[in-house]
Amino acid sequence: MRFAQGGLIDREAPVEFSFDGRSYRGFAGDTLASALLANDIRLMGRSFKYHRPRGPLTAGSEEPNALVTLGEGPGQEPNARATTCEVHDGLVARSQNRWPGLGFDLLGVNDWAAPFLGAGFYYKTFMWPKSFWERLYEPLIRRAAGLGSLSGVASAETCDKAFAHCDLLVIGAGPAGLMAALAAARAGADVILADEDTRPGGALLRESGEVAGQPGAHWAVQVSEELAGMDNVRIMCRTSVTGVYDHGTYAALERAAPATVRREGAATETFWRIVARRTVLAAGALERPVAFRDNDRPGVMLAGAVRAYANRWAVRPGRAVAVFGNNDSAHRTARDLMARGVHVCALVDARHGARTDLDLPFFPGAVVSRAHGGRRLEAVDIRMPGRSLRLRADCLAISGGWNPSVHLTCHLGARPVWDADLVAFLPGAGAVPGLDVAGAASGVFSTAGCLESGWHAGMAAARALDLKPVEAAIPKAEDGHYDIVPLWAVPGKGRAWVDFQNDVTVKDVSQAAQENFRSVEHMKRYTTQGMAPDQGKNSNVVALAVLADATRDGIPETGTTTFRPPFTPVSIAAMGAGAQGMGFAPRRLTTSHRVSLRRGAPMLEVGLWYRPSHYPRVGEATWRESCDREARMVRESVGITDVSTLGKIDIQGPDAARFLDFVYTNRFTTLAEGRVRYGLMLREDGHVMDDGTTARLGPEHYLMTTTTAAAGQVLRHLEFVHQCLCPHMDLRLISVTEQWAQFAVAGPRASALLEEVLQGPLDLPFMGCRAVSMGPVGARLFRISFSGEQGYEIAVPSRYGEGLFSRLVDRAEALGGGAYGMEALNVLRIEKGFITHAEIHGRVTAFDIGMAGMISKDKDCIGKAAAARPGLLGAEREQLVGLRPVKSGAAILAGAHLFEEQAEAISRHDQGYVTSTCHSPALGDTLALGFLRNGRARHGEVVRMVEHLQGVETLCRVSDPLAFDPAGGRMRD
Amino acid sequence: MIDLVAKSPCADLLPLDIGTVTLTEVGPERMTSLAPYRGREAALATVLKQAHGVTWPAPNRATGRDGARALWFGQRMALLVGPAPDARLAAEAALSDQSDAWAVVTLTGPGARDVLARLTPLDLRPDRFKRGHTARSDLRHMMASITRLGADRYRIMVFRGFAETLVHDLRAAMERVAAR
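First to last, the sequence lines map onto chains A and B.
Residue 1 is where the first sequence starts when you use our numbering, and the numbers rise one by one after that.
Residue 974 is where the second sequence starts when you use our numbering, and the numbers rise one by one after that.
Isolated chain A (complex conformation) (with noise of 0.2 Å):
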């Protein structure tokens, strides 16, 4: 039922959505909860145990029972509240966790069994036999007791993340927060001020009470103008704060309106991360249920929740109203509701001595002991010292009082202190650094409390950041004592709901301390309690009061768990944002890729970057026989590949030459200008870090070429080495990888096609190096090879990539050969037994190689004195070797293990592992390379390979890892 008249509600603005199949109406302003109230509907839920009905508790983002799904299809949203979600013209909205439907649920027999479904009762039954846990008892439980689900495939909605930055953030525009904003900004702060709901004004939405003379959601609204005005002020609505980090970093979550959800292109959600210089926390209080026999019942909802509804929503919460409370907001929804002509039957106060002007049944030193009905409240049980009375009511508003929203100020690790005038937890001082509380969140309950301690804090704030304050008049607003008694359970036989969420109870409690469950922390645990999506908002306080009772240990003492993020639910989606598909990963292509792709090459990553596997042509089914042919064809003719990913860094200076003999192993000092040499980089640790060749391009300038897969690693190797261990030389290094394309190009022809596309002889020597130039174009020619065979590289500005790729692979297939992939590549270098990072893995040395002698004896190096360290050398190290299989044809598989003939395949007789492996097209045999223990020195002997994934065993002859051309003629000639 509505009322005719007030509310924040745009009654111009009538909107339709559906909940559960059926149609229904509101108005603009509406949440789903005070929509479906407004239409008599208050069985919005189903427990997550039992199965109960339920309705909406609070009007806030704590709801513990108002969960649903919104929408349809793959983007459906699970567990969204319906106390925070905006209804508008198309909503869809469906229950959860209830079959086959919400009024009749037959899973609400779970309720009937409640006395074996206690606290722990899966950790106790179940038990036999083991193996059902997992493929029955879990999945049927979990099908028992649930929440909503998600749809199971991709949605096409998006979420986005984006930074703010700013000098003051302020969590909560309710009287506080508006008056933190105001003095900071007003002083010239740059403020954000963020708030969960739709609008500024937090509790002043719900509360009939005024503010300077008019009533306080008018108030708001004209603040928020003046703060919307200023350039410095950033009102973020929609925008729940949702975790605290370092160096002042607020996690938040901004969900969009919906008129612009509906935009193309929009986001749903935004996650942002703000860094503010200082915060002013005013995240208001939280109301707190009492526990009593059946306070789950539908139409039991937390006194200010009441209000809001009433007031804010217009909505008729009941056609008889009980009111209960040990503290004056049960008298401040009595008067409100009377006031709107609602007939409230009882104001039950758990004080002794309580007083009331209103007219209505006032019942002082009583307490509601128990409410009646089913899917909906029909009447409650007063008791009275020595009697008690049953009174009809469709609607009980409770209040246990008020909880400051804490959650924040422990999210590095504070623990809230104890206030017993409060009966509540109020957050620790200097919790987070450059965070101030304000308002009901720092315990100051009334709103002209509320509306000076905002002022306050956000003119402390201005004065940190060292701006002037400017003052003003503090508006006039309701002030009063906040007056309490503690109340938690009301004790009597039944179950009490302290966790509606998970369905935990006062005997749950009870029984967790009695089965010596006694730590606050472990109570959770075995119960559940605080474990739901509202993280314990509505229970925390309650459970641990109730297990200090069984415990006899005191509230302070007992103690919180603790509060981490989210203070609300985060979708993963939204944390994600961004890194769907394309998103995932950046993508790092080479001036070729386009080419490469014309001709069919399915590509491979190698780190970001995307490099060419082969390259198919007609008639060939496999990925084998395009390698295949392409190996042939540098073995016979010439071939073109991009080398354009390994790492190229420029290193320049006078001492550039004494760095280099530093960080190599060999010596650089000596390399002459237009040569190239390899070289051999250690880690500190004696470890082989990189290789690659060096070239000499000046007096003072080196090319460093490094793996592809560790161009990164190895400049900052490099940085690190100059600016820490070398200051004192004087060189500078830069990468310079992307600047330069660079193609192989290698094979028995490569000379022939270089001279007739460089017009001219190349004239130059095995590893040696010059600038060349296709017209305009500077170029450099290296002479180097990594395939065995007479081995080019030619480099040109980037730009120039492609057009020189295409033209370097037209004239190779002119001359009978052709670009390849790095599947060739693989196999030509394992025939040559050249290593690559399968080998340098990280924990082999230059010894275990075979390079040990390229540690030079005159001079040091990075690594050097640690490789010579005992163990790290001599019979017992596994060693670089070559395999073949003794039955030709057979498999060798990379990753397999290698152990003698006879030897039982068990990690105990270990003797090495196979790190490379190919089909050789020159050998016209399968070939591998892998480290054996003692390995150079077994040339020739038969050992087993062993690969215990696939079950595959293969006798392997162990030979010298350069298997191709072992003089090296078709290389250096």
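To be clear, the hints were calculated from the coordinates, so they are not data collected in a lab.
In this text, all values refer to a predicted model and were calculated from it rather than measured experimentally.
Treat each hint with caution, since some may be false.
[As the list claims (entries may be wrong)] A short, non-exhaustive set of chain B residues, derived as facing chain A with CB atoms under 8 Å:
(1) Arg1011
(2) Ser1069
(3) Phe1132
(4) Ala1152
[As the list claims (entries may be wrong)] Okay, the calculated bits of chain B under chain A, using three or more residues with CB under 8 Å as the criterion:
(5) 1019-1032
(6) 1113-1127
Even glycine gets a Cβ: it sits at the ideal position worked out from N, Cα and C.
Following the hints, put chain B in place on chain A, whose structure we already have.
What follows is chain B alone, placed relative to chain A:
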């Protein structure tokens, strides 16, 4: 004679106009990293001023103007954008040609800052990241150089190979901002 076709990193990808924001490719332009040798900072600054009329940039600052600009580019390093480097510079600093190493775009229009705020953690508030300020920072998953050239005009650079991802990420952010 072989005639190679030059292709810019964002060819075929730009320009883009979404909402109030425009994304265009810059260049090609000459870019040279200048890294002074030990103790040569002052000499380099003098030559830079004499030869190109550009002041050596302090950390996180860009100097000069369209056509001849110096962007702070890292520790004791600047990027000279525009002119071919004067030969005298090489006596004071290590020079490396970077003209082809970067994809360079300009993001302009009201809302450009909101677009960038979706991709970089930099504090872009107008009074913090002023005209002539520059930073090396993240642009989503990529390392970038971001410079504010005007009220609503930013120069953004990432490694050339990331051009496609740069446009993809900026386009997505532009669409989100336009829809707000």
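Results for each hint:
For the restraint placing Arg1011 of chain B at the interface with chain A, the shortest Cβ-Cβ distance is roughly 4 Å, inside the 8 Å limit, so the hint holds. At its closest, the beta carbon of Ser1069 of chain B sits 5 Å from a beta carbon of chain A; the interface hint therefore holds under the 8 Å criterion. For Phe1132 of chain B, the interface hint holds, since its Cβ comes within 8 Å of a Cβ in chain A; the closest pair sits about 5 Å apart. Below 8 Å, beta-carbon pairs count as interface contacts, and Ala1152 of chain B has one with chain A at about 4 Å; its hint therefore holds.
For the region 1019-1032 of chain B, the stated coverage by chain A is violated: 0 residues have a C-beta nearer than 8 Å to a C-beta of that chain, whereas at least 3 were required. Counting residues of the region 1113-1127 of chain B whose CB lies closer than 8 Å to any CB of chain A gives 3, which reaches the minimum of 3, so the coverage claim holds.
Violated hint for the displayed structure: number 5, the only one.
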